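Protein sequences appear in the order of chains A and B. Residue numbering for the first sequence follows this note's numbering, beginning at 1 and increasing consecutively. Residue numbering for the second sequence follows this note's numbering, beginning at 1001 and increasing consecutively.
Errors might be hidden in some of the hints.
Claimed, not checked - Derived lysine to any residue pairs resembling SDA-like cross-links, with alpha carbons at most 20 angstroms apart:
(1) A:Lys366 to B:Ala1173
(2) B:Lys1023 to A:Arg393
(3) B:Lys1023 to A:Glu397
(4) A:Lys366 to B:Glu1066
(5) A:Lys366 to B:Leu1248
(6) B:Lys1023 to A:Glu86
(7) A:Lys366 to B:Lys1023
(8) B:Lys1023 to A:Glu394
(9) B:Lys1023 to B:Leu1277
(10) B:Lys1023 to A:Glu82
(11) B:Lys1023 to A:Val90
(12) B:Lys1023 to A:Asp407
(13) A:Lys366 to B:Thr1247
(14) B:Lys1023 to A:Ala406
(15) B:Lys1036 to A:Thr99
(16) B:Lys1023 to A:Val162
(17) B:Lys1036 to A:Arg393
(18) B:Lys1036 to A:Ala100
(19) A:Lys366 to B:Met1179
(20) A:Lys366 to B:Glu1057
(21) B:Lys1023 to A:Thr404
(22) B:Lys1036 to A:Gly390
(23) B:Lys1036 to A:Asp89
(24) B:Lys1023 to A:Glu396
(25) B:Lys1023 to A:Thr400
(26) B:Lys1023 to A:Gln398
(27) B:Lys1036 to A:Gly98
(28) B:Lys1036 to A:Pro96
(29) B:Lys1036 to A:Gly93
(30) A:Lys366 to B:Leu1277
(31) A:Lys366 to B:Ala1062
Read the hints as simulated data drawn from the structure, not as lab findings. None of these values were measured; they are calculated from a predicted model.
Here's the letter readout for the chains.
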Amino acid sequence: MAILDLLSIGRSSLLAHQRALTTTGNNVANVNTPGFSRQRTVLDSVAAGNGSGVRVAGVEQIVDELLEGRALLQATSLGEAEARRELLDVAEGNLPIGTASIGSALSELFAAASALSTHPAEIGVRSDFLARAETVAARIRSAAGGIASLQREADERAAGAVPEVNRLLDRVAALNATIARAQALGENANELRDQRRGALDELARVIGVRTVAREDGSVDVLARSGIALVTGTNAARLEARPGSATGVDGRSLHEIGMVAPDGSLIPLGDDPGGELGAHLALRDGTLATLSADLDLLATTLRDEVNAVQTDPAGRDLDGVVGTALFAGTGALDLEVALTDPRGIAAAQSSSTGDNANALALVALQKTSVAALDGATFNDYFGSLQARIGGLAREAEEQVTVERTLADAVAAQRENVSGVSLEEEFTDLIRFERGFQAAAQLIAVADRLLDELLVLRR
Amino acid sequence: MISRVTQGSFVRDLLRGLGRLEKRIADAQGDLSSGKHVREPSDDPSGVERASRLRVESRELAALRESFSFATSVLGLQDATLDQAEGLLSRAQEIAAQHASGLSTTDARQQVAIEVADIERALLTLANTSFDGRYVFAGLTSGPTPPFLQLDDPGFDPLDPYSGPSQSFALRAATDETMRLTTPGDLVFGPAIAAIDELRATLAAGGVPASSFEALDQATDVLTAERASIGARARRVEEGVVDVQSTLLRAAERIAAIEEAEVTEVVTELTRLQAALQATLESGRVLQSSILDHIRF
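Whenever a hint applies, use it, and build me the whole structure from the sequences.
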């Protein structure tokens, strides 16, 4: 009966528009919810005879999966760049410029040697030379200590990221299970997908990952090296264990990997990416190299100065051959072994006016040292400082680049999935009108039915 | 290509713009408050390396300047001492000339021998001149025993009165070379002491000092030659001081050019950034305009 069909059509329209209004309302409510992707009610005409109204085919999320993949990659690059910048900022702080630098202390040491060559027998000048040597040793020790602490910090940050990675892997696996179940029952799992995307974003900042979608709605998560971190509802477990490698401070460094069924650790590869990858790369690369360079500076300075000081031809103020000025095995423990200023071998005879050995000490400042690739001490330190400055600057610039790219991806994501109030309120008016029209349909059908009943009386 | 502008993108763009401007303002303020454009190695890695090299050079030159200052004092003292020594020799030559003809009496010659002995003592005292406790004609050595024995000391030998070192004192005259600052005392005073001692002994014995005049003349030539040498070294030191001063000045200017902030430029940039910040904040008011202002429910 056509009038009853009209009633039914009106009813379907009322329900459909009510649902559309609900979806719009939900979008408006989540306008400021981080990670929320706007949703759209998909209306479909009911095809039966001349038409039997409208039905809700589903509520879909407006998401570009390719863009989501790029967002994950960008989160990894940004996390890596920011972690690198942060530690390199601290590293360059250990090699300050100006009067507080190792270079300045070296200059003062050689200036004191110059004064010693002018006044070889003066105890005050000799004491000043020893004090300057102590300043050089203290500055090198301080810089090396700072780098060693930073390497330990990088190691601890890398190890500290493991529980967070495990938590996020568990979360993704749990959401996979919930989403697959909802999808199987035909329920709406859009909010759960948003939550999973949020968890993956967080994970990607810490470690480089890519995802592979499954038919049941779940996603597998793979590390950069290709090892599976999440397979459906199963999450792998990462672990940080004391490894065989040692840090600059002599203590064991962590070995990080995925726990295999037999309990062994499967390495994450050479470049796991993200903050974790940046911390491991700094720990094993830049900071270890910087530390080795400071060691080379310290041991070469020790050897070259001691060679002059203990030269068999050299004589101290008491006319005997000098003993070593510097002692230590590297930058961390470089120290001044000589305590008596009379012990400085400034002469090459017992004459109090002899300054031949002091002049040899002064000449060290201009000497190209083979162990330092032909550089002088100051030039070697200058290039070391410029190198770490260059790395810090490059890291800063990389952060700017990665942030710009991340902003561009976020803008595109917002472009596709963000909530626009203008759009939503336009839809609100549209669906309200639809709802009102459906109500009018029912009213008309009602009046027609009344008319029919009057005819029967 | 952005085709949809949402509330989220409005806010993100605004915050990003504000963040960038605030960072640049903070950098400019840092430049102004410290007066430095380069405050850490990453601000200008190659500039830091150049400035570091210039600082090393400056400190080395400053140390050289201190050496030159010491050299100027020592050379000045040597010159003044030798000037006095020349005066003593001149007086001795006068005495020798007066008594060389044999017209004076034996008594007169024995009397004047006392004055010559005083001249010899004065000359030996001059030969032991020290600066800051260091003997300027004995390789700048120090110690309680002077390099020249005195006339009345036991064991005094006028032909070998010097016990100081035979080496000269070498001073840094440039970053990679040295300069002789002293001459061993026996080479400077040896002929003069021997000649005066011979004059004194001849006169004291009542003899006629016929050959002393020539010996004194030759000793004077030695002192004059040493003074000329001192003058040459002093000129080299003076030139060195001028070179060091001008190089230090240039190095300081170059360090400043690398590290110091150009205040006028920074202030202009700061003003521009503040205007941009205000404009950006003003543009944020657009966010307050919404469809909600235009529709009625």
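Hints, verified against the model:
{"no.": "1", "hint": "A:Lys366 to B:Ala1173", "verdict": "holds (15 angstroms)"}
{"no.": "2", "hint": "B:Lys1023 to A:Arg393", "verdict": "holds (15 angstroms)"}
{"no.": "3", "hint": "B:Lys1023 to A:Glu397", "verdict": "holds (14 angstroms)"}
{"no.": "4", "hint": "A:Lys366 to B:Glu1066", "verdict": "holds (19 angstroms)"}
{"no.": "5", "hint": "A:Lys366 to B:Leu1248", "verdict": "holds (18 angstroms)"}
{"no.": "6", "hint": "B:Lys1023 to A:Glu86", "verdict": "holds (16 angstroms)"}
{"no.": "7", "hint": "A:Lys366 to B:Lys1023", "verdict": "violated (42 angstroms)"}
{"no.": "8", "hint": "B:Lys1023 to A:Glu394", "verdict": "holds (17 angstroms)"}
{"no.": "9", "hint": "B:Lys1023 to B:Leu1277", "verdict": "holds (11 angstroms)"}
{"no.": "10", "hint": "B:Lys1023 to A:Glu82", "verdict": "holds (16 angstroms)"}
{"no.": "11", "hint": "B:Lys1023 to A:Val90", "verdict": "holds (19 angstroms)"}
{"no.": "12", "hint": "B:Lys1023 to A:Asp407", "verdict": "holds (17 angstroms)"}
{"no.": "13", "hint": "A:Lys366 to B:Thr1247", "verdict": "holds (18 angstroms)"}
{"no.": "14", "hint": "B:Lys1023 to A:Ala406", "verdict": "holds (19 angstroms)"}
{"no.": "15", "hint": "B:Lys1036 to A:Thr99", "verdict": "holds (14 angstroms)"}
{"no.": "16", "hint": "B:Lys1023 to A:Val162", "verdict": "violated (33 angstroms)"}
{"no.": "17", "hint": "B:Lys1036 to A:Arg393", "verdict": "holds (17 angstroms)"}
{"no.": "18", "hint": "B:Lys1036 to A:Ala100", "verdict": "holds (15 angstroms)"}
{"no.": "19", "hint": "A:Lys366 to B:Met1179", "verdict": "holds (18 angstroms)"}
{"no.": "20", "hint": "A:Lys366 to B:Glu1057", "verdict": "holds (10 angstroms)"}
{"no.": "21", "hint": "B:Lys1023 to A:Thr404", "verdict": "holds (15 angstroms)"}
{"no.": "22", "hint": "B:Lys1036 to A:Gly390", "verdict": "holds (18 angstroms)"}
{"no.": "23", "hint": "B:Lys1036 to A:Asp89", "verdict": "holds (18 angstroms)"}
{"no.": "24", "hint": "B:Lys1023 to A:Glu396", "verdict": "holds (13 angstroms)"}
{"no.": "25", "hint": "B:Lys1023 to A:Thr400", "verdict": "holds (12 angstroms)"}
{"no.": "26", "hint": "B:Lys1023 to A:Gln398", "verdict": "holds (16 angstroms)"}
{"no.": "27", "hint": "B:Lys1036 to A:Gly98", "verdict": "holds (11 angstroms)"}
{"no.": "28", "hint": "B:Lys1036 to A:Pro96", "verdict": "holds (14 angstroms)"}
{"no.": "29", "hint": "B:Lys1036 to A:Gly93", "verdict": "holds (16 angstroms)"}
{"no.": "30", "hint": "A:Lys366 to B:Leu1277", "verdict": "violated (51 angstroms)"}
{"no.": "31", "hint": "A:Lys366 to B:Ala1062", "verdict": "holds (15 angstroms)"}
Hint check: violations occur at hints 7, 16 and 30; the rest are consistent with the structure.
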